[in-house]
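S.K.: Residue strings, one per chain:
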Amino acid sequence: MALISETSILLDGGRVSRGNLTRARIRWVIAALVLVFLVVAGRLVEFGLTVRDSTIDGVARDVITATRPALLDRNGLEMAVDIRVPSLFAAPRDIVDVEEAVTKLRTVLPDLNEEWLRNKLTGDKGFVWIKRELTPAIQERIFQLGIPGLDFVTESKRFYPSGREAAHVLGGVNIDNQGTMGIEKHMDDEEVALLQELGIARDQALTPVSLSLDLRVQHAMHEQLTDALTRYQAIAASGVMVDVRTGEVVALVSLPDYDPNDPGSINAEYRGLKNQRFNRITSGIYELGSTMKTVTIAGALDSGKVRMSDSFDARFGVRFGRFTIDDFHGKHRILSVPEIYKYSSNIGTIKIMQAMGKDEFRAFMTRLGFDKPIPFELPEMRTPKVPEKFSEIVAATASFGHGISISPLHMAQAYAGFVNDGVMMPVTLMKRSPEEAAQLGTRIISSQTSREIRSLMRLNALAGSGSRMNMYANGYRAGGKTGTAEKVVKGRYAVGTNLNVFASGFPLDDPQYVMVIVIDEPKRENPQSGTTAGWNAGEVTGRIIQRVAPMLGISPDFSQILDDKLVPPAIR
Amino acid sequence: MIKTLNAIMVCTSLMGLVGVYALKYSVEDIAGEKAAIERKINRQKGELSLLLADWSYLNQPAHVAPIVARHKETLNLVPTKQEQFGSITALPMRPAAPDTAALDQLLNSLDAGIDPIEQLIEAN
Chain A
1 MALISETSIL
11 LDGGRVSRGN
21 LTRARIRWVI
31 AALVLVFLVV
41 AGRLVEFGLT
51 VRDSTIDGVA
61 RDVITATRPA
71 LLDRNGLEMA
81 VDIRVPSLFA
91 APRDIVDVEE
101 AVTKLRTVLP
111 DLNEEWLRNK
121 LTGDKGFVWI
131 KRELTPAIQE
141 RIFQLGIPGL
151 DFVTESKRFY
161 PSGREAAHVL
171 GGVNIDNQGT
181 MGIEKHMDDE
191 EVALLQELGI
201 ARDQALTPVS
211 LSLDLRVQHA
221 MHEQLTDALT
231 RYQAIAASGV
241 MVDVRTGEVV
251 ALVSLPDYDP
261 NDPGSINAEY
271 RGLKNQRFNR
281 ITSGIYELGS
291 TMKTVTIAGA
301 LDSGKVRMSD
311 SFDARFGVRF
321 GRFTIDDFHG
331 KHRILSVPEI
341 YKYSSNIGTI
351 KIMQAMGKDE
361 FRAFMTRLGF
371 DKPIPFELPE
381 MRTPKVPEKF
391 SEIVAATASF
401 GHGISISPLH
411 MAQAYAGFVN
421 DGVMMPVTLM
431 KRSPEEAAQL
441 GTRIISSQTS
451 REIRSLMRLN
461 ALAGSGSRMN
471 MYANGYRAGG
481 KTGTAEKVVK
491 GRYAVGTNLN
501 VFASGFPLDD
511 PQYVMVIVID
521 EPKRENPQSG
531 TTAGWNAGEV
541 TGRIIQRVAP
551 MLGISPDFSQ
561 ILDDKLVPPA
571 IR
Chain B
1 MIKTLNAIMV
11 CTSLMGLVGV
21 YALKYSVEDI
31 AGEKAAIERK
41 INRQKGELSL
51 LLADWSYLNQ
61 PAHVAPIVAR
71 HKETLNLVPT
81 KQEQFGSITA
91 LPMRPAAPDT
101 AALDQLLNSL
111 DAGIDPIEQL
121 IEAN
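Chain order of the listed sequences is A and B. Taking this note's numbering, the leading residue of the first sequence gets 1, the next gets one more, and so forth. Taking this note's numbering, the leading residue of the second sequence gets 1, the next gets one more, and so forth.
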């Protein structure tokens with residue numbers, strides 16, 4: 001028993017001590033395992049908390065590769081597209097042999113400065129730009145060099161296939177693909193920047209934006225204005241064409257221009273002068289001369305205080321203190337309203353304005369939006385100079401376009417309203433459907449006045465200063481008004497330096513387009529020709545209409561009935 | 001009993017090991033393939049954008065106009081004049097019936113040896 005019990009005690013003790021040992025071992029194993037798992041968990045947390053720095057010079061990588069929507073003209077032809085180009089960067093901390101890298105790189109990119117490159121590649125940085133916007137061929141050659149620590153980012157680069165032709169409309173972008181001028185800047189201000197911010201615009205195709213421009217018309221206008229610069233030895237030329245029914249700008253050209261593919265070229269000197277390449281249609285304000293007479297007469301006819309059949313005494317100049325305003329092509333007799341328009345009589349226009357009343361005349365300008373910059377997509381706009389209140393003499397000079405300065409776009413918008421049955425559409429560079437446009441128009445004159453203005457404009461083409469225009473645009477029922485304004489040089493009107501304007505509409509029996517052409521300081525084409533607007537701005541207008549009217553679906557019609565309906569024989 | 005259980009567990013863990021590694025490698029393979037395809041797509045997108053730019057450049061009036069100017073002489077190209085446009089409505093209507101009297105007269109005069117067209121040519 002004792003033995004048994006002793007044995008059992010022994011057995012017991014052995015089991016207990018073995019059990020204790022096992023338990024201790026298990027505890028150690030558990031502790032070790034817990035430790036191991038703690039380490040693993042700790043590392044996991046550490047990895048989770050690590051933020052990988054993927055920025056490029058502090059800018060997120062996908063912002064640099066951000067795309068911009070393509071710009072199309074109204075017929076779907078690309079005016080601006082993104083091309084994807086490789087840009088070379090280096091991670092200096094991964095470069096093993098700086099000297100070798102410098103020598104090898106310069107075999108492919110010899111224009112890189114050796115010292116500059118060595119400084120760039122030395123150091124502990126994770127990212128430095130070496131050269132941006134390369135070609136795929138060069139990318140391939142650099143790959144072949146096999147230098148560690150060099151790599152490429154695919155960047156989007158803006159490309160304007162139309163070159164200079166629509167420069168002022170398109171504007172331009174900087175190297176980070178952000179709009180700096182023109183419609184590009186407008187899009188950034190509006191939504192593209194927001195989309196890029198939200199990450200939507202990154203690395204994916206965006207819906208293309210359709211502009212209102214017609215590239216064919218834009219090309220024709222650009223070509224004709226370029227021709228005008230040499231033909232009339234002018235210092236500048238610009239033009240704008242507007243669809244009167246929708247307010248869409250179909251063409252907008254301003255010369256001298258620049259290449260949007262190289263936006264820096266806007267600052268290049270032009271004939272030894274700086275700052276000449278601005279957009280003269282929107283950010284140039286001018287005294288537009290006699291083209292303003294259409295505005296004055298439209299306002300007067302619409303007020304009901306003047307009728308087409310009225311006559312005004314234009315025998316003597318109008319005196320204001322020591323100034324006398326006289327006519328350029330003086331007739332010095334009693335003139336009817338159509339005659340005042342046809343002969344562009346300053347005296348007659350002043351009398352018409354006075355019959356209307358100067359305050360009502362001023363109010364009419366506000367109605368046409370001549371007080372403020374036009375609400376337009378382009379950021380390059382200038383505030384027009386129109387006095388808040390008209391004195392007698394300011395109202396008199398304003399009636400024939402002197403003493404107030406507006407942009408040619410203002411004039412185009414007003415003329416578009418005059419011929420479009422009196423309904424003025426806000427001008428735009430975005431494609432607009434007739435349904436959308438229908439809700440936007442404001443009535444500026446009555447249908448009756450619109451009809452009368454159209455007949456005056458056509459009359460001027462048949463028998464007035466627009467006849468040289470009509471010679472080229474024969475058959476397209478075009479009509480318009482010339483304006484020859486002496487330019488203000490050093491505070492006074494300079495004889496012989498003119499700003500010539502032609503504001504026109506066509507076809508006037510079914511008004512569709514309005515165009516304003518401005519030629520700055522034109523000279524005689526040949527000794528037989530003149531220097532007034534009909535000889536240059538007018539001829540250019542005629543040539544453009546001749547070129548573009550068939551493209552715009554307007555077919556020529558020579559029938560006398562159309563003109564007889566437009567311009568009743570009674571007013572000829 | 002325990003031995004068989006152990007053997008089964010060792011087998012299962014070995015199989016698990018093999019399975020997990022196989023999965024890991026296949027995932028890595030697929031990821032590599034995906035990256036390769038993405039690179040290819042990226043490259044092709046780049047090429048496509050260049051081709052699109054080329055295409056739109058070739059379509060520009062600014063590009064086409066100089067070509068027209070270059071071949072002006074050989075192809076005898078001139079801008080269309082207003083007078084060259086016509087419309088369907090400007091065409092005269094088809095005569096209701098053939099003008100038999102005029103035709104008879106023409107045939108008679110031809111029989112008599114007088115060709116009105118020849119006369120017209122001589123008159124000019």
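Hints are supplied without guarantee of correctness; some may be wrong.
[To be verified] Covered, in the sense of this in silico footprint (three residues per stretch, anywhere, with C-beta under 8 Å from a C-beta of chain B), are these stretches of chain A:
| hint | stretch |
| --- | --- |
| 1 | 480-491 |
| 2 | 545-553 |
[To be verified] Pulled from the structure, derived: some chain B residues nowhere near chain A, Cβ distances all over 12 Å:
| hint | residue |
| --- | --- |
| 3 | 25 |
| 4 | 43 |
| 5 | 55 |
| 6 | 58 |
| 7 | 59 |
| 8 | 122 |
Read the hints as simulated data drawn from the structure, not as lab findings. A virtual CB, placed ideally from N, CA and C, is assigned to each residue, including glycine.
S.K.: Give a verdict on every hint.
M.R.: Tested hints:
no. : hint    : verdict
1   : 480-491 : violated (count 0)
2   : 545-553 : holds (count 3)
3   : 25      : 22 Å, holds
4   : 43      : 8 Å, violated
5   : 55      : 8 Å, violated
6   : 58      : 8 Å, violated
7   : 59      : 6 Å, violated
8   : 122     : 33 Å, holds
In terms of the numbered hints stated before, the structure departs from hints 1, 4, 5, 6 and 7, listed from lowest to highest.
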